Structure formats: C-alpha cells, structure tokens
Amino acid sequence: MTAITDMPDVPRARRRQIGNPVLRWLRANLFSSIPNGILTLVLLAVLAKGVIGFVQWGVANAVWLTPANDSSACKAARGLGACWAIIPEKYRFILFGTYPFDEQWRPALSVVLFIALFYLSTRRALWRRELGLIWIGVLALISVLMWGGLFGLSFVSQDRWGGLPVTLILATFGLAFGFPLGILVALGRRSKLPAIRSLSVLYVELIRGVPLVSLLFMASVMFPLFMPSGFNIDKLLRAQIAIILFAGAYLAEVIRGGLQAVPRGQYEAADALGLSYWRKQRLVVLPQAIRHVIPPLVNTFIAFFKDTSLVLIIGIFDLLTTAKTAIIDPAWQQFSVEVYIFVAAIYFVFCFAMSRYSRSLEARSRR
Amino acid sequence: MTSDVRRPPPRLSFFGALGPNQLKGLFWQVLVVGIAIAVVLFLWSNTVTNLSARRITTGFAFLGREAGMPIADSLLTYNPRDSYLWAFVVGVANTLRVAVIGIVLATILGTLIGISRLSANWLLSQLAAVYVEVLRDIPLLLQLLFWYVLMQALPAARAAWRPVEGVFLSNRGLILPAIPIGSPQLWVLGTAVLGCIAFFAIRRWLVAQQMRDGKPRPAWPFALGLIVVLPAAVSLLLGVSWKIEWPQLRGFNFVGGLTLAPEYFALLIALVTYTSAFIAEIVRSGIQSVPRGQWDAASALGLRRSFMLRQIILPQALRVIVPPMTSQYLNLTKNSSLAVAIGYQDVVSIANTTLNQTGQAIEAISLIMAVFLTISLSISFFMNWYNARIALAER
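Chains as they are written, first to last, in this note's numbering: chain A, 127 to 493; chain B, 8 to 402.
For reference, chain B alone in the conformation it holds in the complex:
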C-alpha cells in the first residue's frame, strides 16, 4: 500500500520487476481466487453427481414443456396447457403489476405522510408519527398475513360492502367500475403519451429560450393542446366509446368492472402501507435538510408559496430524497416475492411450483435471480438518470 510513502529498501525478488508489495498482493489474490474456484468446483461436481443420481437433466429444455399449473389471477391470458416459459412470463407480469402500482401508490401515500409529520397541526403530525412507527416495526410478512385474514373475513359477494356506489368489497376482492380498454382506446391513450413527450420537449426548448433572453414563455397552452385537446380530437374522430362498465351481482359473483383478487389486494395494501412508512421518513428528512434560510430567503423575495416550494425547496430536498428512495423501490419490488405466502402467483411463486414439479432447482432459481437482477438494474438505472438530472449544478 502507498509504497511511495514507505519507500521500502530495494530487494531482489524472484519475480524481478514486481516489488514485495505487489508480490504479496498477487499472492493474496491467487489464494482467494483459488479458494473461490475450488469451492465452486466442489459444489458443482457435487451437484452434477446428485443430479445424475436423481436422473434430472440440466438445461432449460423443460421451459418448452406443458406447465399444467393453474394460475388464478393474471393480466395475460394463460391456461394450464401453456408452456413453463409462458407461465414464467405471466409470473413476471404479475410481479410487475404489483410492483409498479405499489411504487406509485407508496410514493404518493409516503409523501403525504412525510409532509403530515412536519405539519404545524400537532394532532396530524402525531398521528403520522404513530403510523410510521407502528408500520416500520412490524414484519411485512406478518402485516401481509394480517391483511389477507381480514380480506377472507369480509362478507360473501351477496352481502358485499358498498362503500361507494359501484364499488364492492367482499371476500372475492375489490370490484371497481372500469372502462373497458380495447385497441381504439389504446390509440387515444397512445396519442396522449406522445403528446406528453412532445410537450416535455417543447417545454425544454422554451426554458432554453428563457435562459437566453430572460422572457418567460408560458408552457400551459402547449400542455392543454398536446395532452388534452389532441387526444380528445382523436377520440371524437375515431368515435371511441368511454362508457363506464358498472359491476353487477349475478348469482354468487360479479360480472363486469375491474376485479382485484383478495390476494392481489392484500399484497398491494401490505406493500404500499409498509413502504410508505419508510418513504415518509425519507421525505421528512429531505424537507428538513433544506436550511431554514432558504425558506426565509424565498419569502423575503416575495415568491408565491407554490412557486417557492416548486423552485426553491423541492429541488434541494429531492437531492437528499432520491438516492434512499431508489433503495425503497428496490425493496418493494423484492418484497413483492412474499406473495408466495398468500398464494398470489408472482414470479417467485411460479418458479417455486415449477421447481417442485420438475426438480429443475438450479434453472428455476437462476431464472428468479435473472428476473430480479434485471428489474433491480432497470430501477437503479432509471433512478440514477433521474438523480443526475435533478442534481444541483454547483459551481
């Protein structure tokens, strides 16, 4: 280490050019890597012997075989005659369905609670503190089982609770009115997404213009035009119907509307409430990290409160908030694998069933790892990009 400081006396060594420090380093590396390789080889040879003794062929050929496992609740169409590969894809879709919606809801709820903790209203801040404290200190799996038990204890479909007209809560899950989405509706939504992208590009250009000459240029007419008027025009032109489908009780179950199965609903509630407690703490410490002088200075300039929050406080708070938020998103995604405990078929649950049916343990677990590593890396990549974008440009 830092041999320039120590200046060891020159020594002749067998390796000539290598100094004693490098030699020691080389020795350690060879030793550690050697041990690692030996351990892996040992495990590998055992595994090969064991697998051949159990007559299990390694490889991913089993993915093409018929899965034969039922999947109750899925976004994609699936029947037990489909292949294991398709079952995996359905599992990944189920994982993403709970993770993406969970991340969005947990962020909203967590932000609200984090702000509530800082409220001048003593009661509100205390309630928020109790919420955070209780949810953080109880294992997620226990909370999940608790919510699932509550779901199962709900009345049957015929006696379902109706908190709001058209919304039913029963032991069949949560049933909501929905707009059926087919390809014409997707066209309109696609236009809206394109409009959003175009709007952000235009706004960027407008800000660049303002940077040059200092004249503010309003962006809202573009927002209105591209995100509201344009899709509405497309919708009218194509004559797309946006009729809401109301769920109705027929016999013992509901028809129409959108059904969130009890397993999915319990998992979503557990993940959202648990993660929101952590997000609340992150948001709180982020806002508190903005020095008081920034608030004072902004009010001294006579800025409107919303402008002050948006342009002065939030950019500085986000710098503190985003990195730990990334790890919460990753945690939520990984925690969605607890689904296996209540029978929601996410990718881990399906891999586990596959493993029990085929005995292809190594392949199944490497698939899980591949899926989660991909999701983790994508979230990290996106959040790092976002973090770099919001980082303050410091001199």
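Chain A extracted, bound-state conformation:
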C-alpha cells in the first residue's frame, strides 16, 4: 500500500528543473523519495535475478538443435538449460496436428487467410455491408482448403485436422455464427413481447450461468442422445455448436449494451418514418449500436479465442491439445515447459494484437 501515497494525481512538491535530463527523469520516476528509492532498488534486484536466471536457462545453457529424434543433448542439459530443440522437432505436429504431412501447406494457407481476414476487419473503411460478404467468401475458401475434394485437392476428413487452424476455426466460426445469433437474442431481450423476452433471458442466463466445460461435455456426451438414432455428427462440429451457443449468449449481452446506448429519439424518428420493426433495426438502430460496442466485442472475441482451448477436455485437437500430445513422446516428455512456452507465445501474439487494437479503438472513440 505504500505505492498509493505516490499517486500521480497527488500534487507533488515542485522539483528543480536543472541538471541532466536523464538524471532528472530517474529522480522523478524512480527515486522521488526514500521509500520509493528503496522500492526501486529491491525491484531491480529481483528483476535482475529473474532475468539472469531466465537468460541462463533459456539462452546460455539452452539446446537449440539436435539431430532428428535424438533428445540426448537435451537430457544432458536438463535442469540447467531449456530444450528448444523440441520445437523444430515437433512444430509441424503442434501447428497442424495429424493433417497429412504433404498437404500441410493447406492449413498453413488457411491460417494466413484467417489473419488476413482479421486484418481486413480492422480497417474502418471496410466497415460496410460488403465486409459480411468478404467473411462468407473467405470462410468458404478456408473450408474448401481444409476439406479439399474440389479442384484436385485430396479430401481430408475433419478428424485429421488439428493445431492452430482448428483453434482459429472454432473461434472464428464461433464469432461468425454467434454474432447474428447474439443480435437476435439481444433484440429479443429488449422486445416488448413477453414470451420472446423471457425465452431470450432464459437462454442468456442459462448459458452464462454454467461453465463452458459443462456445455462442452453436454455437446460431446448428450448431443448423440438428443438426435434421432442413426443420425450423428462429427465431434468437432458438436464442439463448434457448443461454442456458437456460448458465444451467442455473451455477444448478446454486449450488443444489448449497445442497443441501450442508442438514444430514444433514434427509435422514435425511425417510427415516425413509418419503418417496419426489422427495417428500423437494420437501418437505424443496429448500425449505431454495433459501432458503439466494437471494443467490448473485440474483448469478448479475445475471451472466447482463449476459451476454445477448453476443447482439450473433450479431446479435440486444437493448438493446446496438439501441444500436450506432442510431449507424450517418451523421448521428449520431460520438456513440456518449452512446448507450453512456445504455444503460449502463439496465443499471446494473437490476443495481444487484438487487445492493442481494441484499446486503440477505445482511445479513438474517447477523443
């Protein structure tokens, strides 16, 4: 609690504006008082110890490359240095799972397409109706690439898919289908019709009240019970449906916030023009409501991008599951920390980019 006495908001004594600017900066930001100076020194000591330890383990003593399938160098360095050699050894499996080895350019291209799609969606100039068409086009293209069976591509069934593309598919398709669902439910929750309103409330509260894990269990165990006998769908698709239903409920709450922020006058003006309910929502209310909630929408997307990793629990090969499977190999199983760090870095890059973007949007809307 000492830190709070140094709040930037609290007026501090005026300092002399003389001397070397570097020293002045140091004095103002690190050594403004005696306790502050002690704190800085303690933090520096801890930081130095941590950084030196990590550099020793992760760089100086690390094993970077070994001959294929030979982990003896890593085992020799165990406890002293990291075994980064496991990454070049296993990266194809971690990134693409059991997808046929010679065809792995297809999931790789899909990942590039996903990233391009995200990038295009951040361009303000493209926030028009055509963006929906771009999404449909790119997602269709990715499906063709992954499945094949067309244009001379060999067919690859979805139980051989794995790794990063599966994570991106679960998250992106979850958004693509959960978003319209979320809009409908948000409108339903604000509807004046009691039956529709209570159905929407029931759906949102039920889904948000239980953990995603239990929804996934439901999708993997109960779904076959729900369907007519003989009708069965693939495990990946079942998990995808669970994620869509999950995303729909959370997105609905975000969109509802946006709907509430649209001033009443806008609704009344649309009514005065004699627009029907759906035209009013489509032309007047939703465009304003959604623009309003883009930053929280991005944050929700980050959240369920991370949450797709839970499919590990029902045995679907997403990025985290392939990583966990890669280290089952007895020769390499002691080096799981390195693999987890690698995968964490991939997740981090995606989430960090998105959260930066959401923050820049917030900053812009505040200006």
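Simulated from the structure, these hints should not be mistaken for laboratory data. Since the structure is predicted, the reported quantities are computational estimates derived from the model, not experimental observations. Note that the Cβ used here is the ideal one computed from N, Cα and C, for glycine as well. Any given hint might turn out to be false.
With a cut-off of at most 30 Å between alpha-carbon atoms, the simulated DSS-like pairs for lysine-lysine come out as follows [what the hints assert, rightly or not]:
hint: 1; chain 1: A; residue 1: Lys-318; chain 2: B; residue 2: Lys-31
hint: 2; chain 1: B; residue 1: Lys-31; chain 2: A; residue 2: Lys-406
hint: 3; chain 1: A; residue 1: Lys-175; chain 2: A; residue 2: Lys-201
If you want a taste of the chain B side facing chain A, the calculated C-beta under 7 Å gives, among others [stated by the list, open to error]:
hint: 4; residue: Gln-36
hint: 5; residue: Val-40
hint: 6; residue: Ile-42
hint: 7; residue: Thr-54
hint: 8; residue: Val-55
hint: 9; residue: Tyr-85
hint: 10; residue: Asp-144
hint: 11; residue: Val-347
hint: 12; residue: Ala-348
hint: 13; residue: Ala-377
Given the structure of chain A, go ahead and fit chain B onto it with the hints provided.
Below, chain B without anything else, positioned relative to chain A:
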C-alpha cells in the same frame, strides 16, 4: 410499437379488440414459442427413445447407489463406499474450497497490482503492466497445465524445498504448519465471528449518533473488546490449546501440518494469478475514474491521506469497481471447473466420472448446472446487496 405516435387508421380485425400491432406481436410470439416447444419436444422424444434403447432409466435414483470412485483430496470425509450423492457433496465442497479462497487471494493480489500500475515509481508500474498483459493474453487452461507441470517437476518429499522453516514444497504439494482445529477452537472462532457482527451493529449505531449531533465517537474500543478480548477470554476460560503443528518428514511423506495437494495448489495459483490480472485492470480504472478535483479538494481540506483514501476516494472508486468485480468472481468460480484437466476432483470432474460410470448424462449435467446456477446467483445476490450499500446517495 409506440402506436400512439403512428396512429394507424382504425381497422376491423377478426380479434376485435386487438389492434394490428398487437396481432402481429401475438403472431410472432406464438410462432417463436411454438418453434421452441417443437424443438424441445423433438429433442425430448429422441432422448427418451435413445435412453430406452440403451436401457438407461432416467431419474435421480442412482444418487443413492454406491459411488465406488476414489476421491484423493477432499475436505469432507469420504470413502468409495459412499453414495453418489455424497460424492457430489464432496465435489461441491472442493469447488467452493478453491473458489472462495481463490476469490479472496485474487482480490488482494489484483488490488495490489492495480495500485502498482498507478504508482509514481516507473519501474513498479511497468512491471505491473507486463504482469497484467502477459497473464491476460494466455489461455487459463494453458497456464493451469504449465503450473501443474512445474509442480510435478518439483523434487521428491525427501529433497523438498524449504523456503521458510516449516514450509515444504515438493511434488507432494505445499505443506504448511497448521493449528489443528477441533470443536474447542471452533467455539473460540465462533465467538470472534459473533463479536464481529456485534461490533458492526454497534458501529452503525455510533455513526447514526454522530449523524445526529456531530460528535465523533471512537469505535475502536468496541472492536478491541468484542473481536480480541472476548474470544481470548473464552479461549483462556476453556483452556483451548493453540499449539502449532509442524510438518515432519517420515519416510517418503510428511506427517502433520496442512497439505495442499499439487492439483489443488496448481489450480489455486492459476486461478488467482489469471483473475488478479483482470481485477488489477478493474481497480486501476476504478481509481482513475475518481476525478482529480476530488484528490485536490480532499488535500485542500487538510485531510490525512489515509482518511482521504478511505472516506473520499474509495467510496467513489468502489462504485465503478464492484459491478465488473462481480463478474470476475463469477468467472473465477466457473473457471474452477478446469480442474478436470489436471485431476482435481471438483464438482464437474465428479459429475463427469459419474456420467461415465452410470450413463446418467442428463441428470449429471443438470446437477452441474444446478450447482453453478446456485453459486452464481448467491454471488450476484451478495454483490448486488453490497453494491446497493456502497452506492453513493445522490440528491
């Protein structure tokens, strides 16, 4: 919608009193509810057919049967001969054990980090920012697996680390010295709780008195008397022993003390660190939401800094902090179900085992839902009550 604005021309309709808008509304409602009922009936009839084909009887009768599943780590006494119902109760206790302690620790850690982010010390605020950024952007399940791997890589019990005397960290988990709590100790603790309640009632009355005549009345003698002196007296009177039990290495394991199993410890660390990153952001934005003028005005009045924080800044910051904090608490509780990935037996994990053993999928999942809905509603209820209490009385 808002027919008073549009004033549609009067029209004769079959339903007489109902206007065209109401009629349209009725039509839509009947349609949507009809579809919902049809879908539910369709799923229900399929389920009934499928269950009878698999010879599974629906109902909760299985709860009385012997569970036969081992539960390694639990607060309540349990053995595999007990019923499924008891196994569920043990699971709920395990979930609550990690959720309640997790919420308390995450709040403390998150608040410290949120305040650090606002520190004038550049290094501290940057370190806090890195902490928040890294932990928020990596999936919790990955962090959990990471901590669990680290736990398993710890030395065996014989070579356990001893960061502090009496504390052991090994692949058996974290072993701490503890005071054994039996019924005499519970009596003393119960007195202390009653003392707390009585103190808050008295303080409320004192504040009400001060509101009336403006004379400040110190509350601390009551706190000392009711929360410290009274339980201490009860303890002395009953001759309760508060001897600390130190863990000792015997053979390959420890005896005595309090053992946190590696699964529990890993889950707790993962939940606390992950949630604290979100709480830090909430606390930071809450404090930043208090206008600068409030700080200036409070210092201009010559208030002591602690008084200023307690009476001016915090009440205003809490108004912004509490609602999002509620959803973080709910998230932490729901996220505790990730325990199933590392084999800590919370309620979801036990329901899942039950489901695999008995095939009672619907019952098991409805039990999970019932448990989590109850916990969620209780947390929401408590936090809404707290929020209403701290809301500023505005004119």
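Review point. Which numbered hints does this structure break?
Key: Hints 6, 8, 9, 13 are the ones this structure does not satisfy, whereas the remaining hints hold.
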